[in-house]
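Enquirer: Generate the whole structure from the sequences, applying the supplied hints.
As they're listed, the protein sequences go chains U and S.
Residues 105 to 356, numbered by our numbering, are exactly what the first sequence covers, in order.
Residues 105 to 356, numbered by our numbering, are exactly what the second sequence covers, in order.
Please note that the accuracy of each hint is not assured.
Since the list gives no way to pick one copy over another, a pair counts as held whenever it fits inside one copy or between any two copies.
Stated by the list, open to error - Under the rule of at most 25 Å between Cα atoms (straight-line distance), these lysine-lysine pairs were calculated in the PhoX-like manner:
#1 Lys109 <-> Lys138
#2 Lys231 <-> Lys252
#3 Lys231 <-> Lys202
#4 Lys353 <-> Lys202
#5 Lys341 <-> Lys138
#6 Lys339 <-> Lys109
#7 Lys258 <-> Lys138
#8 Lys109 <-> Lys127
Source of the hints: derived by calculation from the structure; they are not laboratory data.
Number of protein chains: 2
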Amino acid sequence: MKEYKGYLIDLDGTMYRGTESIKEAGPFVEELLKRDIPHLFVTNNSSKTAKQVVEKLTSMGIPAEPSRVFTSSMAASKYVDDTTPDATIYMIGEEGLKEALGSRCTLDASEANVVVMGIDRDITYEKLSDAALAVRRGATFISTNGDKAIPTEKGFVPGNGSLTSVISVSTGVDPIFVGKPEAIIMEQALEILGTKRDQTVMVGDNYDTDIMAGIKARIDTIHVATGVTSQEDLKTKTTQPTHTIPTLKEWF
Amino acid sequence: MKEYKGYLIDLDGTMYRGTESIKEAGPFVEELLKRDIPHLFVTNNSSKTAKQVVEKLTSMGIPAEPSRVFTSSMAASKYVDDTTPDATIYMIGEEGLKEALGSRCTLDASEANVVVMGIDRDITYEKLSDAALAVRRGATFISTNGDKAIPTEKGFVPGNGSLTSVISVSTGVDPIFVGKPEAIIMEQALEILGTKRDQTVMVGDNYDTDIMAGIKARIDTIHVATGVTSQEDLKTKTTQPTHTIPTLKEWF
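Expert: As structure tokens, then:
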């Protein structure tokens, strides 16, 4: 087995399942710490701040600290920095996105040259209209992630990719998606982690986001069957992950 | 000029432009009344009741009565009647849709076998989630119309087709659209009007909805250049309307 020098690790389906813990997750991260292997939690969840993510992880017995968390909101913020230094941003999203974008945000969409959209469970027609008008006026249209659905106790409810479609369908402008499986978040994560591409591995449960993100970014991948994609599902895919394991216990 | 025995008439862009009146509209409808020619106002607007539409038309000097109004909400209601006699409906929409669907509606999406979606400027994430869960459970998914954008004083804001995409993208289930340019609303309108297909004409300003609706339903069309589609735009279209006129004054 190749000894990877850096780990990018998905959260939901890999470290926990919604509000339920995954018992193999804590020991896996402890082993990384013991071996002094750099790792970064990389999540499409745009609603939470790094601090809130850490609280959740530690409450489940998984060692974590804010510097080891990288959300799609943080990735969107960095993408805006890199591409639009003079950005005035109209954002739709929750606390994680609001904190990540900070003082560049405006409540007046008419003065925005960038629109950033993340999941917002307080979405209103007015917010959607303001964002659509800004995009029609030429504002750069960025979306934290294209996730179509989010698993909840009730079943799958609309994810940010579905909400984002209101603006893209209405304006005819496709957004720049930042989160997994896009290369944007992966390149940024690699830079933060500081390890070489060919010595880094992406660990995750979801083929369409985590594994595809690794494949697109030419990073090795470990599929773990504790979430969305089963090992059975995996057999139908043309491009396979580098490794697949039933649980994280099977890794070290 | 062919003497049509029945007229299907669009509203926004044809009878008025938003809150602005179109001066040729009143005399045009008066001429139909004078000649005793049956006519029906056919609108994709799902938010208003027939009575509210009549109030708007008469306030602009256009003769109208509720029996001569057919909205996409009324069409959706009739479509549910025709296809699901035992319907329990979870609806997202405004007053026009609520009135049209009436007592078949439930507030508990979990018991719905039909979801009907129309524009709702009080949309919430909870409504969208409930509708998505119902569609995932197998409820028939109907949308009043696929309009991507609505013209307002501020510019184009999201139409019902854009809001509907939240559910279709999230669930992977495409809705049955009822309104123009679909044949569903046109066949129903023809039946209400009671005139023969080859003696009826559809009058409207919007090529993609009004004119395409006529073309799809094999009904002659009159394009009037007082709204969305200009006579210049029209030249780029492969299939032309039967007639095109700058304003309704040029018709009779």
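Enquirer: With reference to the structure, classify each hint as holding or not holding.
Expert: Against the structure, the hints:
no.	hint	result
1	Lys109 <-> Lys138	within (13 Å within a copy, 86 Å between copies)
2	Lys231 <-> Lys252	both (20 Å within a copy, 16 Å between copies)
3	Lys231 <-> Lys202	both (14 Å within a copy, 24 Å between copies)
4	Lys353 <-> Lys202	neither (36 Å within a copy, 54 Å between copies)
5	Lys341 <-> Lys138	neither (35 Å within a copy, 68 Å between copies)
6	Lys339 <-> Lys109	neither (28 Å within a copy, 62 Å between copies)
7	Lys258 <-> Lys138	neither (38 Å within a copy, 59 Å between copies)
8	Lys109 <-> Lys127	within (24 Å within a copy, 75 Å between copies)
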